[in-house]
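Q: Here are the chains, one letter per residue:
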Amino acid sequence: MTAALHAALKNPPINSKNQNTKERAELLVVRVLSSFKSSDIEKAVGSLDKAGVDLLMKYIYRGFEKPSDNSSAVLLQWHEKALAVGGVGSIVRVLTARKTV
Amino acid sequence: MSLYSFGLEPLSCHAWNKDRTQIAVSPNNNVAIIYEKKGKEWVKIHELTEHSGRITGIDWAPESNRIVTCASDRNAYVWTLKDDVWKPTLVLVRINRAASCVKWSPQENKFALGSGARIISVCYFEKENDWWLSKHIKKSVRSTVLSLDWHPNNILLAAGSADFNCRVFSAYIKDIEDKPGPTAWGAKMPFGEVLLEHKDCGGWAHSVSFSPSGDQLAWVAHNSSIAVADATQGKEVTQLTTGHLPLLSVLYVSPTEIVAAGHDCCPYQFSYKGPGSLEFVKKLDIPKQTSKTSMSAMQHFRNLDKKATEEDSNELDTLHQNSITQLCVVSGERDKVEKYSSVGLDGAMVIWDFQH
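Chains as they are written, first to last, in UniProt numbering: chain A, 1 to 101; chain B, 1 to 356.
In short, the hints are calculated from the structure, not lab data. Only a predicted model underlies this, so the values are computations on that prediction, with no experimental measurement involved. Please note: incorrect hints may appear among the correct ones.
As the list claims (entries may be wrong) - Quick list of in silico lysine-lysine cross-link-like pairs, PhoX-like style, CA-CA up to 20 Å:
hint: 1; chain 1: B; residue 1: Lys339; chain 2: B; residue 2: Lys18
hint: 2; chain 1: B; residue 1: Lys199; chain 2: A; residue 2: Lys99
hint: 3; chain 1: B; residue 1: Lys44; chain 2: B; residue 2: Lys82
hint: 4; chain 1: A; residue 1: Lys81; chain 2: A; residue 2: Lys37
hint: 5; chain 1: A; residue 1: Lys50; chain 2: B; residue 2: Lys18
hint: 6; chain 1: B; residue 1: Lys82; chain 2: B; residue 2: Lys138
As the list claims (entries may be wrong) - Partial pick of chain A residues on the chain B-facing surface, computed with a CB cut under 7 Å:
hint: 7; residue: Asn20
hint: 8; residue: Gly52
hint: 9; residue: Ala84
hint: 10; residue: Gly87
hint: 11; residue: Val88
hint: 12; residue: Arg93
hint: 13; residue: Val94
What the hints assert, rightly or not - With beta-carbon atoms standing in for the labels, derived distance ranges:
hint: 14; chain 1: B; residue 1: Asn96; chain 2: A; residue 2: Ser72; range: 47 to 53 Å
hint: 15; chain 1: B; residue 1: Asn322; chain 2: A; residue 2: Arg98; range: 27 to 33 Å
hint: 16; chain 1: B; residue 1: Asn322; chain 2: A; residue 2: Ser72; range: 30 to 36 Å
All residues carry an ideal CB built from backbone N, CA and C; glycine is no exception.
Required output: the full structure, derived from the provided sequences and hints.
A: The structure is reproduced here in structure tokens:
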């Protein structure tokens, strides 16, 4: 499962201007995040490095923008665990980043 | 560490005189006030009222005892003390937007002024006509200049700007000084030459600080990161992202130790020992031991219900109760600072001791 997360977070479409690519990437990541068991989330976040946590935060907030079914609840759980590792700094970086994921 | 509260208004900026018995502060309005230390209290002795806009920067030159103030009214004044009265002299800065920061050069023969007009104004005194003139650095600056710092050689000037860039310029004015020797940042230094341009610091570059030798430049950006550029290692930049709120001010206290403070209301210590090795050392504010007053069970549950918290106090556990906006060296040499001061949006000024 963690490998799926790492694969989904690899090569984010940050420099691309193609909205389609970004949306597809975002849907994929949200699908991966929703398929985790609640107890595994913490371990998965722990396996990411600093840049990975920042990237995960960016996807989480992107996912918040378009809530669907159960996604918000799952994303909130991920948010809590990512915040514990990244601190408020990771949220600030989501807000100040000029290139969105 | 000692805290002194200058009132409820945020302190925009502060500057110390040579022997640190007097401090000039501005309480977020168009007046600069000079306080003198009498015992444990600070007593107001002078009020500098000439600006019509909010004062954004104050700097006090220790040797020549001159104060320069800049404000959002697009003006800067140089104040000299005559017969115990501070007399202002207008400086022709020629900017059409608010000034944001000002700093005397190490030899105090000129000062640099950053502004919202995307211009850095380097001002010097011309004896012939008895006025202050300015030369503009406009090259490549695309937004407001947020902070300035001089290199110890009196020629190089670092500028952090809201266009996400951090730059080092040459502010060599051939009318008033000799040609500088080459430094680690470069050899050819005509006025306005860009010696370092670090694009995309990740956020507005709030504050810049040269190391005591001038070979490293540290800055803090709005994406909660701190970075150091090392001229001796090919101007290589090492960046550290932190998990705290953005830092607003950075200060080098020794050749390797850096103190930075910001919206977290608490100074942090970082250490830079070489490219790739920028690390967080520790928080410099020890939270005060709050005495646990006994709370009745009713009070406890009422708090849980109303505020979802178990504590009673509304205060932060840091000395400053609001963001720290500026750090300044108080005592000690540039390469072994013993005390530094911080002012914040809570109107308080705290003097911290630094243990090396």
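Q: With reference to the structure, classify each hint as holding or not holding.
A: Hints and how they fare:
no.: 1; hint: B:Lys339 / B:Lys18; result: holds, 14 Å
no.: 2; hint: B:Lys199 / A:Lys99; result: holds, 14 Å
no.: 3; hint: B:Lys44 / B:Lys82; result: holds, 18 Å
no.: 4; hint: A:Lys81 / A:Lys37; result: holds, 13 Å
no.: 5; hint: A:Lys50 / B:Lys18; result: violated, 44 Å
no.: 6; hint: B:Lys82 / B:Lys138; result: violated, 35 Å
no.: 7; hint: Asn20; result: violated, 26 Å
no.: 8; hint: Gly52; result: violated, 12 Å
no.: 9; hint: Ala84; result: violated, 10 Å
no.: 10; hint: Gly87; result: holds, 2 Å
no.: 11; hint: Val88; result: holds, 6 Å
no.: 12; hint: Arg93; result: holds, 5 Å
no.: 13; hint: Val94; result: violated, 9 Å
no.: 14; hint: B:Asn96 / A:Ser72: 47 to 53 Å; result: holds, 48 Å
no.: 15; hint: B:Asn322 / A:Arg98: 27 to 33 Å; result: holds, 28 Å
no.: 16; hint: B:Asn322 / A:Ser72: 30 to 36 Å; result: holds, 33 Å
Of the numbered hints stated above, those contradicted by the structure are hints 5, 6, 7, 8, 9, 13, listed in ascending order.
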